[in-house]
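Put chain B on the given structure of chain A with help from the hints.
Protein chains: 2
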Amino acid sequence: MRNIAIVDIGSNSIKLVLAEIKKNNSFKIIDELKETVRLGEGIEEDNKLQEGRIKVAIQTLKMFKNLCNATETKEIIAVATAAVRRADNQEEFLNRIKEEVELDVQVLSGEEEGYYDYWGVVNSIDRDNGLIMDIGGGSIELIWMKERKIKECVSLSFGSLDLTRHFNLYDSITSKQEEQLIKFLTTAFNEVTWLKDIDCNSLIGVGGTIRNIAKIDQRNNDYPLDLLHYYQLKKSTVNAIYELVKNKDLKKRKKISGLSKKRADIFIGATAAVATLMNLYNLDKLLISGKGIREGLIYNYLYQDKEPNSNVLDFSINNIVNNLNLNKKHAQHVHKLAKVLYQELKPLFKLNEEEFEGDIDKILKTATMLHDAGNSINYYDHHEHSFYMILNSGINGLSHRELLISAYIAASHRHTKYDLRKYNLNRSQFTDIIDRKGDDKEIIRKFGILVEIAESLDRNMNGLVEDIQCQLEDNRFIIKTISKEDVELEINDALSVSKGFEKLYNKELIIL
Amino acid sequence: MRNIAIVDIGSNSIKLVLAEIKKNNSFKIIDELKETVRLGEGIEEDNKLQEGRIKVAIQTLKMFKNLCNATETKEIIAVATAAVRRADNQEEFLNRIKEEVELDVQVLSGEEEGYYDYWGVVNSIDRDNGLIMDIGGGSIELIWMKERKIKECVSLSFGSLDLTRHFNLYDSITSKQEEQLIKFLTTAFNEVTWLKDIDCNSLIGVGGTIRNIAKIDQRNNDYPLDLLHYYQLKKSTVNAIYELVKNKDLKKRKKISGLSKKRADIFIGATAAVATLMNLYNLDKLLISGKGIREGLIYNYLYQDKEPNSNVLDFSINNIVNNLNLNKKHAQHVHKLAKVLYQELKPLFKLNEEEFEGDIDKILKTATMLHDAGNSINYYDHHEHSFYMILNSGINGLSHRELLISAYIAASHRHTKYDLRKYNLNRSQFTDIIDRKGDDKEIIRKFGILVEIAESLDRNMNGLVEDIQCQLEDNRFIIKTISKEDVELEINDALSVSKGFEKLYNKELIIL
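Protein sequences, first through last, are from chains A and B.
Letter 50 of the first sequence, counting from 1, is numbered 50 in the numbering used here, and no numbers are missing.
Letter 93 of the second sequence, counting from 1, is numbered 93 in the numbering used here, and no numbers are missing.
Pulled out of the complex, with its shape left as it was, chain A reads as follows (with noise of 0.2 Å):
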């Protein structure tokens, strides 16, 4: 176990993330600093980075050296990103931070950023396809991702703080401005001429300025869930946050429910910028990564520059299952059980896999693996700690609506508390993301009672019952268990639930 530090210098702020390594290349984020220092402002007068501004980023990075000193992190992955990129006097800045902090810092070019950004990308988002947009401060990079690959990848050198100044966006503007702003944003994207190729539809956005547009909606929608990673936008949506935003003053604008004061100023280049570029290729859905470039950079460390994660959620199970120290080979059997059980009764699912929004196997996947999870709080109740375990412990690979299917499996998995009542349980708040009653209740307590078979047959948490064969008769459902030990622990423990499952299946339940 041993720690390391991400630094990220930026144009408007200096962040840090530490994060602790342990075995099987698992992480975990242990803390963060960040610290507005604006290292960009003034930098257009003569193109170099201002001496107020280079002593607070000096005193900023002593004060992070100093965290790694305590915590005793020996590897510190500093880089810097578009305002030191740019200055003239780059090399004396670095070389103060080398005297006085003793610190390497390696600047990125906006390709190297795009490809950290892609790293954070790929490796928490399950998916293959989608054109990434970073926008910070100095810059944007577009990535264009490919069958998990980087197929093209362009860093564009203006970034927010470059479209507010230059168009004079601070405040209320009017629409000769608007149109110049929009007419540049297209010229600057029709540059790229790869983009015309891209063959997805998805739009996925990194960085705090695509955040607070998903947040924005969030706050509009009243939506229940805190999780912006995964989130995802229409095209409509963003378009009609963008008409909300540039309609405003400042004033007005920082009285955005969801709008982040300290960003009001910088809003309207931003999302123009969104919404042009969805416009003009067609990007029909804008989904939210709350991983980028800092989490680019620990995961490429973690797999030494080769190969990405190549099953994102299944990296980010065993990261929790190894963080909280569950008993991974009883979860392991407990999903290979419920599969069985799955396979066997899926006849008496009303589930259409096809139709169903959501992929079955990820969810019997995540609600078995860390049914266990909630014991870590208590072990009384851990079924409903599990609940909101899998809600926050920060699960990659999901939607929304498969991580919450996920947390309500798992929090029936326990039959003598079914009923969920309890204020943190409360299904009526999730009524956007699943069903109240209908399919997805039936799902939900159909896999309920088959986790809680497969457990109680794991009852002894050390694999007595190897494995399993199952029959589906007119009125019967039966279970033979596989064992060379006594495993009427085992069956009686899974037998409690046979009324429940009487009730749900219309069938009696036999385990032999």
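Take every hint as true, because none was put in to throw you off.
In this list, chains with the same sequence are indistinguishable; a pair is considered to hold if it fits within one copy or across any two.
Straight-line C-alpha distance at most 25 Å; calculated DSS-like pairs for lysine-lysine:
{"no.": "1", "residue 1": "Lys503", "residue 2": "Lys34"}
{"no.": "2", "residue 1": "Lys255", "residue 2": "Lys503"}
{"no.": "3", "residue 1": "Lys329", "residue 2": "Lys74"}
{"no.": "4", "residue 1": "Lys328", "residue 2": "Lys22"}
{"no.": "5", "residue 1": "Lys503", "residue 2": "Lys346"}
{"no.": "6", "residue 1": "Lys22", "residue 2": "Lys329"}
{"no.": "7", "residue 1": "Lys328", "residue 2": "Lys23"}
{"no.": "8", "residue 1": "Lys329", "residue 2": "Lys62"}
I should point out that these hints are in silico values taken from the structure, not numbers from a laboratory.
Then chain B, alone, in the frame of chain A:
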């Protein structure tokens, strides 16, 4: 790290509790099994445990033993209570268990049962005095606890099963039956001569039946917390619940929200016993202890039968800090600094500690020691996860009100997310327990910002700011840091709350 198992062979059920014992006497419940064996069934006929019941009991114990083996639990503390205590064929039963299960069972006398009840209560409830009552199927224990020691203890040789059988209370009852029941109970209690001398007004209730009385009340009031330990009922409420149940036949009783269907048939006698005892000896309040004989056996084992825990809350917090692997040094330092800050800012609180319902020291200790508990779920939004953890980790030694206020203070320890708007932090749910506006809100916000400053002053987590001296002036509050090192990071971080501080305390915040 090793496991111990507690096996509790009662008249109605046989239970297994597995606990993991860690360094510093901390422990964690990791598994539980309960089988409704009804070992006491039929014993009234010839004063013998019946062969059918014995067989089921042995089968159950074998399963339990298997689970112990599978989890490498070598120390098993097995005890038997009333049913076995009474039975003429006790020795034969014990020998058969020894032979067939290889398990030594200790038969507890009534007084020993009371003794372990007391150990469970005194280590988990922060009260010096009270009358403890444990209602089992075959006996009732009464323990007078005075200054945290047993002053008197008695075991009555009837329990809820006996009362039900003897007075035929299964279904609806006549007023004559009731009269006889109350007369019997009054006589039995009056025979305990020391009861007239008790100088406390709280009854501390242990056992499933008493917990069930509380659950009915909670459902009735739509109580927002799902916690029974430390829940309190007035005498009048207990009497009202008794009236409610005694006037219903079995079918209607089973429909009472909160009453377990399995207990509905034996519930009248037990409730009558509680109500009668409270009425006879002016016990104004019934305080529920979720911990009884099994937890008592664990604590007694940990403390090697010597003195119980001298500080319930401290033990419990340490237990959680150890179980979650939190940074104890940092937590203690934040606690220390927050105490100094509160001491100095006290004049600015509208709070009257005498009138305030709750112990400020305990609240501040809980909020500071566990402010980072949520990190074990996710670093991001960890203050909110700390809220969930504090509420659900099974902390002993706090009233529900103290627990909830502590959780809110911990959740407020990062001002950037100050609004606590998320679904699980909605204060309106808890208006029965804490004020939504007014004093409680002020306390939460003012303490929240103190914890935030204290945490910032230990930003490096290694006590760089050794201590602080404060000065309260007309317009300013000055914190002088005492340190041998550069603490700019700490001061800088702490000053980031200065706006919020000024708003709440109406003083400028200066940190030197």
